[in-house]
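Novice: Could you put together the complete structure from these sequences and hints?
Taken in order, these protein sequences are the chains called A and B. Using my numbering, read the first sequence as starting at 1 and increasing by one per residue. Using my numbering, read the second sequence as starting at 1 and increasing by one per residue.
Warning: the hint list may mix true and false statements.
What the hints assert, rightly or not - Stretch by stretch, here's where chain B covers chain A in the computed footprint (C-beta under 8 Å, at least three residues):
hint : stretch
1    : 199-210
2    : 216-230
Stated by the list, open to error - With a straight-line cut-off of 20 Å between C-alpha atoms, the simulated EDC-like cross-links for lysine to aspartate or glutamate are:
hint : chain 1 : residue 1 : chain 2 : residue 2
3    : B       : Lys63     : A       : Glu203
4    : A       : Lys211    : B       : Glu90
5    : A       : Lys211    : B       : Glu105
Simulated from the structure, these hints should not be mistaken for lab results. Using N, Cα and C, we set each Cβ at its ideal position, and we do this for glycine too.
Next come the chains, spelled out residue by residue.
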Amino acid sequence: MLWAALVSFIIVTVTFVLLSFAPNPSIQEAATQAALQGGDPAAAAERERELRGLNEPLHIRYMDFLQSVYTLDWGWSQYRSQPVTEAVYEGLYYTAQYSVPWTILTLVLGPLVGLYSAANMYSWKDHAATGFAFFGYAIPNFFFAIILLLVFAVWLEWIPVVYNANAAVFSLENVRQLILPVFVLVTGSIGGIMRVSRNESAEFQNSEFMKTARAKGVSPIRAYLYHVLRPTMVPLSTTIVGQLLALFLGSSLLVEIVFGIPGLGRITYEALVAQDTNLVLGTTLFFTFIAVVGNLLEDIVFTVLDPRISYDDR
Amino acid sequence: MTPDTDPLLEVANLRTTFDTDGGELVAVDGIDFSIDAGETVCIVGESGSGKTVATESITRLVKSPPATVTGSVRFDGEDLLEASEERLREIRGYNIAHIFQNPQEAMNHCYSVGWQITEALTIHTDASQEEARAKAIDLLDRVGIANASSRFDDYPHEFSGGQKQRVMIAMALVGDPDLLIADEPTTALDVTVQGQILKLLDDLQEEFDMGILFVTHDLGVVAQIADRIVVMYAGKVMERGDVYDVFDRPAHPYTQQLLECLPGTSDSIGGIPGSLPSPTDPPDGCRFAPRCEHAVADCEAGGQPREVEVRPGQAVSCVYYQSGYDASVVEADTGDAETSRGVGDD
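Specialist: Okay, structure coming up:
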């Protein structure tokens, strides 16, 4: 817990330092404006700086910054003409709609496919599952998304090409337009998870304690659930968190752009293009928060899954 | 069950083979043995002689495929090799329990020892959580785990090697088995702990009146625990008999050489020259013939010699005991000629 707080604190600080060195677009804008209107650009820049409190010493600005970060006062998004927190919230609304089903599907399917592969190791079933998983792992998400859109939306016309942001969350229309993004992301994330669960469970399948379990009269299903899946979850949880976060922070941006979903990824992208510093900072902070919380969850899950891991004596 | 007449377990012509890329691997090649209730039978032989596979074939614990088990294994009047997988699961852990060689690896590190001990009860009986817990704690206490009730919820990594094997014994005994199959349970432990575990097994056997099939390559252990022994070599039985008879008057040259490997029994530390024959392409005749100093032409022809009873209860599979041979050639060999062989033959 302490570590997570410390990490997020450090990231916030680093972001602040980087930001304090970067030129502020609104000051440049004010200077340009003044020059265009025949005023003194330097004086205008100074006024703007005062207005924004940038003339204060660094440590005072730092304290202000910290305070506003933790009180969720993340500033005003010029590009979207709304508070940054509101913009993030709106983006999250759309991102969550595909992220939640995608995460659940990955968590369920990944280990299952891996276990199935391990149970049928080196048979055609294993090869088919492995091949599928690696295909999804290897192909770039945005490219796969474009191909699927082309086939199912443009040629077959089974699903809409343009995303309708006004569709109700639990409507058939929403399901149809989210099938492809969810599918693309699941194929992307399942590969790594499947591979780890296949290899780890194969190891536990041939373990001595599996023999002990069979000698006790444990049925194959019980043996898999209790004696293979459980120990597999430990190394797997690392992969799952890493894999999901990497996709969430990276690929979801591309997928949102391809499918035209106005979620967090696209908001970040557009804010970057529009040089909306506050909004970029806001989404970055949000992603940071997700990453830190994800890793914290992983650590907690570790102690629950593997009794040999304990943070008590830290 | 009528233990006075029928043995608890009767294994006849047990043969376990594995399909490998290098051809059919015969791990156990037609062996017979039996165990009475309350009796300890030791299977002795060097590593790779098929002892473990033989014991794991009894409840078909060997993975099949790739393994194929044939012959007959009669347990309490029922042929286990004919039994369905479901029936075998009922027997495993309840009527026949196993202890394995390496207690460090034999427990699942994710579960408390209490959970693992009671697992067999959960599967085989309707015992409630509290009953199972009480029984497990009682067993932990009896196998010599101090503060059993507080250690019930501890995890395997919180126990030492010897304690783990005690826990494994408790785990095996929780279903009140009639037969305990112990596969080298003391090999991974140091000698002092080894003695304690053997003593514990001996005490528990009396208490539970169970048959024990004990597998080991350590003749010192055999001397401590066995009633009868079966000497295995390369998937075949070389000799069997009462432990005192076999130790005092070993009939088979292999047994004699094995006994000589015990420290303190001969002047030299030799070992038996040569190594086990290939399990995919075993030699004709007696399996031990290529390494036997007494081998004659007949030893390397045909199959393994028929077992001949040399005295009540002791039988040997060696050409020299067949009619027409002079058994004294090998029998007399416990004397002086023996002592220098280890070095001389190298």
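Novice: None of the hints should be skipped; say for each whether it holds.
Specialist: For each hint, the structure was consulted:
no.	hint	in the structure
1	199-210	holds (count 3)
2	216-230	holds (count 8)
3	Lys63(B) x Glu203(A)	holds, 15 Å
4	Lys211(A) x Glu90(B)	holds, 16 Å
5	Lys211(A) x Glu105(B)	holds, 10 Å
Checked against the numbered hints listed earlier, the structure breaks none of them; every hint is satisfied.
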